[in-house]
Structures are given as C-alpha cells and as structure tokens.
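Asks: Read off the chains here:
There are 2 protein chains.
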Amino acid sequence: MVFSSALLENAVNEFAKLPGIGKKTALRLVLHLIKQDVPEVENFSQIIAKMRSEIKFCSRCHNISDKEICNICSNPMRQQQLICVVENIRDVIAIESTQQFNGVYHVLGGIISPLDGIGPEQLTIDALVARIVPEETQEIIFALNPNIQGDTTIYYIGRKLKGIPVKITTIARGIAFGGELEYADEMTLAKSISNRIPVENYISSGR
Amino acid sequence: MVFSSALLENAVNEFAKLPGIGKKTALRLVLHLIKQDVPEVENFSQIIAKMRSEIKFCSRCHNISDKEICNICSNPMRQQQLICVVENIRDVIAIESTQQFNGVYHVLGGIISPLDGIGPEQLTIDALVARIVPEETQEIIFALNPNIQGDTTIYYIGRKLKGIPVKITTIARGIAFGGELEYADEMTLAKSISNRIPVENYISSGR
Numbered sequence: 048m049v050f051s052s053a054l055l056e057n058a059v060n061e062f063a064k065l066p067g068i069g070k071k072t073a074l075r076l077v078l079h080l081i082k083q084d085v086p087e088v089e090n091f092s093q094i095i096a097k098m099r100s101e102i103k104f105c106s107r108c109h110n111i112s113d114k115e116i117c118n119i120c121s122n123p124m125r126q127q128q129l130i131c132v133v134e135n136i137r138d139v140i141a142i143e144s145t146q147q148f149n150g151v152y153h154v155l156g157g158i159i160s161p162l163d164g165i166g167p168e169q170l171t172i173d174a175l176v177a178r179i180v181p182e183e184t185q186e187i188i189f190a191l192n193p194n195i196q197g198d199t200t201i202y203y204i205g206r207k208l209k210g211i212p213v214k215i216t217t218i219a220r221g222i223a224f225g226g227e228l229e230y231a232d233e234m235t236l237a238k239s240i241s242n243r244i245p246v247e248n249y250i251s252s253g254r
Numbered sequence: 048m049v050f051s052s053a054l055l056e057n058a059v060n061e062f063a064k065l066p067g068i069g070k071k072t073a074l075r076l077v078l079h080l081i082k083q084d085v086p087e088v089e090n091f092s093q094i095i096a097k098m099r100s101e102i103k104f105c106s107r108c109h110n111i112s113d114k115e116i117c118n119i120c121s122n123p124m125r126q127q128q129l130i131c132v133v134e135n136i137r138d139v140i141a142i143e144s145t146q147q148f149n150g151v152y153h154v155l156g157g158i159i160s161p162l163d164g165i166g167p168e169q170l171t172i173d174a175l176v177a178r179i180v181p182e183e184t185q186e187i188i189f190a191l192n193p194n195i196q197g198d199t200t201i202y203y204i205g206r207k208l209k210g211i212p213v214k215i216t217t218i219a220r221g222i223a224f225g226g227e228l229e230y231a232d233e234m235t236l237a238k239s240i241s242n243r244i245p246v247e248n249y250i251s252s253g254r
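Chains as they are written, first to last, in my numbering: chain A, 48 to 254; chain B, 48 to 254.
No lab work stands behind these hints: they were computed from the structure. Predicted model, so just to flag it, every value in this text is computed and none were measured. If a hint is listed, it holds; no wrong ones were tucked in.
Which copy is meant is left open, so a pair is good if it fits within one copy or across any two.
In the DSS-like style, the derived pairs of lysine-lysine whose C-alpha atoms are separated by at most 30 Å in a straight line are: (1) 70 with 97; (2) 114 with 71; (3) 82 with 103; (4) 207 with 103; (5) 103 with 64; (6) 207 with 238.
From just these sequences and the hints, can you work out the full model?
Replies: If you want it as structure tokens, here you go:
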C-alpha cells in the first residue's frame, strides 16, 4: 500500500500490529476514525492509554482488576470458600456472563503444556495452593478446556493438594445442550456415558 | 459480556464502536494490548489521536494530506495536467499502489446516487470543474466503479465540462486479467467487445 500521508500511514501501521487486523482492515478502521469528530477520537485514544497504564492484576486471584483486589474477590456476597480455577481472563468473563457462579476465581495464566514450553512454574499454581488453607477453601472447581493439557494441569494441581482437606471437582463434560449424539466425538460420548447423572439431579438442576 | 473491571469494559466498548469489530474481537484486541508494555500502548494511543487532530484534506485535490497541499499535488515530478477522478481516498491508495499513474487526483468524496440521497452538490464536482481552466488540464481520467452511479457521475461531470477543451477518458472496462469469459457478466462482456482494442495497442501496453 502506498500512502500520500505519513499521519495516515503511521495510524494504519499501528492498527495493523493488532492480532487478526491486516492492512486493509486497518485502513478501514482509520478512515472511520477520520470521519469522527476530534474529541471523540481523543476520547478513544485516552481510554485505551488509561486502561493500559492503570490496569492491575488482582493479587489474590490474578484476574484483571482496577484495584489491588478485584471486584469479585472483594464482594462479600460471593462465596469466598468456593474457587473456580480457569486458564485465563477470557474464561472468567465467559463464566461471569452465565450469571450462574457465585464463588471466586483463580486465574492460572495458562495451562501446563510441555510442547509449548509452559511448565507449572510459569503459572500461578503455587499461589493457588497457598490460598487453600488460610482461606479455608471448601471446594475447587476446575473449569479448564477439556483436552490433554487441561487434564494434565488438573492432575498436577490435584497431586499438589494431596493431604489438604478440600473437595476437588471439574465442570461436567458431555453432550452440549442442542448438540446431537450422532456428531459428538467418541471421547466426549464415552465420558458422557461413564459420568452419567441420575435423572432426578438432571431435572433439579433446572433443565 | 460481564466484566469485573471498568477499565477493561470501557476499552472493549471503545473498540467495539469501530466498524466490523464485535465485542469478542474487541476483547481480543484489548487483551492483546494489556500484554504489551505501557509505553508501546501509549505510543499507539498518541499516534491515533495525533493522526485525527492533524490530518487535513488537500485544498486542491481533496485527498487526505499532512499539509495544506498533499504530497502528490506538490510533487513537481508528476504530470499536473493529467487528473484522475476517483470516488474516495481508498481509490487513490489503490491506484498509487499500482505505481503506474504519474498524474494528480481529484477526490469526489462520493458518487451521485439519488437513491442514497447523494446529489452533485454534496461532492467536490464544482471544485473539479473550477480546476480545469486555471491548471490547463489536458486530460481527465475517470476511475469510478463500473456501475450505474459511476456512469451517472461521469455523464453529469461530462456535461458540466462541455465547451472546455479537455480530453475526457475512463479506465478500461473488460475481462479482468486472469478472469474467464465464461463467468463474466453479460454487461462486462458486451462492453469488452464493443470497446475492443487493436492488438498492437494491447501488446505495446506491456501485456
């Protein structure tokens, strides 16, 4: 792309650094901003800069936060003895959006994956283990993606927690609501049979 | 989407205002920025704000510009008597990227389209007509999209230029290089036959 304006070119190049944004999309975004009023674009720019410079990670659960301790951890209405362990911030947002979980979180910051060079020491596993006794945690729910890395991470943390009296569970794996048996993979179908639940539980769980 | 951080939520909402960027994509972009260093994100933010507050439109050709007169208009190496008329800035970038055109431009800022409520008075047509005599323009090339609106615009401007001794041309319409006759629409195929070119021209034009 050949630009006749350095201002335009620099702005397009900045947008094109973002993941999944190519030069053509970047140009479309910049031309859109040019059509907006100056104060509006200044506002956009300030909100982004402020977000980056002020954002923190909760010192307790490692979720993204505006303060030292995040809104979820500091909310007295939430069950502080129930910890949901997730891989990243995106998973916290997904679970919060269901409005079905009333405990707190622990964000691992990734998942054990030797092939990607990610070992337990790069994750917040030690911080999780250190929370359990002082916080008198009653239950840890693993909400990790159902794959080998997720299972490895659950197994590793489970071993670290040996001897500590805390209930350990994982989110149910099975046929997704609206899904069809016929198209489910064998692993999922097999697990959904071996982990079958009594129908009275199924009905009382609101389905 | 439920956020536990207002800083995050505001930033996501700002990105989601951009065209073609939904909430999920906006979140992905913001989480990417959070992973970058603070000065890098400040740089991003400043470049965008600076671009919007300092960008101008060339007073001669209405192209986007860093100065009162754009780089193309003020370049003495370019043929100032050859004006290529385009709909918008994106078209200037597309033609400049071919590196085949050495004249100057005139950006209409749109195209005559009564159905969308766009009439000639909303475009820079008067400014174009006013350029021709003082600039001693020899040729105007219309590089508009080949459709009814494009043809209407060419016809309207052509009538305005009646009596002014200037050559008026349009970019060739025909079967795209690499295209197949079989799949061309009838209109394009018909025009490519009625506007056929002698083979000597075809060969000398570098193909």
